[in-house]
Amino acid sequence: MPKVERESRMKAKWVMGLAIAASAAVSLYFIIRLNLEFAILSMLIMFTLTNASRAVMYKNQGLARESKWMLWMSMFFAAASIGTLIYIWML
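Residue numbers (the working numbering): 1 to 91.
Derived from the structure by calculation, the hints contain no laboratory data.
Since the structure is predicted, the reported quantities are computational estimates derived from the model, not experimental observations.
Backbone N, C-alpha and C fix where the C-beta goes; we use that ideal spot for every residue, glycine too.
Among these hints, one or two may not hold up.
Claimed, not checked - Taking lysine-lysine pairs in the DSS-like style, the calculated list, with each CA pair at most 30 Å apart, reads:
no.: 1; residue 1: K59; residue 2: K13
no.: 2; residue 1: K68; residue 2: K3
no.: 3; residue 1: K59; residue 2: K11
no.: 4; residue 1: K68; residue 2: K11
no.: 5; residue 1: K3; residue 2: K13
no.: 6; residue 1: K13; residue 2: K68
no.: 7; residue 1: K59; residue 2: K3
Said to hold, decoys possible - Computed Cβ-Cβ distance ranges for the label pairs, DEER-style:
no.: 8; residue 1: I32; residue 2: E7; range: 22 to 30 Å
no.: 9; residue 1: K3; residue 2: E37; range: 14 to 22 Å
no.: 10; residue 1: E7; residue 2: L91; range: 40 to 48 Å
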């Protein structure tokens, strides 16, 4: 594997890891503040990101069925996030 490709993969993993950690921290913040609508929204975003990163990881390992399953789970949580966001806006 070329060095440039390996470095770009590592950067992508770091960015995804930081996004997951940030959404977990935001979830915890909203739970402490008892703002449960935004806590649920940030948890759904965290689930979307974790399942998307697992889908990529499984695809790189050659596990096509598992990757497809995680991709569909990620899309489900993304749709739930959008639905929750619309619900919050309508309040």
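To see whether the hints hold, each was checked on the structure:
1. K59 with K13: holds (14 Å)
2. K68 with K3: Between K68 and K3 the Cα gap is close to 28 Å, so the pair holds against 30 Å.
3. K59 with K11: holds (18 Å)
4. K68 with K11: holds (23 Å)
5. K3 with K13: Holds, at roughly 15 Å.
6. K13 with K68: holds (19 Å)
7. K59 with K3: Measuring from Cα to Cα gives roughly 20 Å; hence the hint holds.
8. I32 with E7: 22 to 30 Å: Roughly 37 Å apart at Cβ, these two residues miss the hinted range, so it is violated.
9. K3 with E37: 14 to 22 Å: violated (45 Å)
10. E7 with L91: 40 to 48 Å: Between E7 and L91, where Cβ atoms are some 44 Å apart, the hint holds.
Comparing the model with each numbered hint stated earlier shows that hints 8, 9 do not hold.
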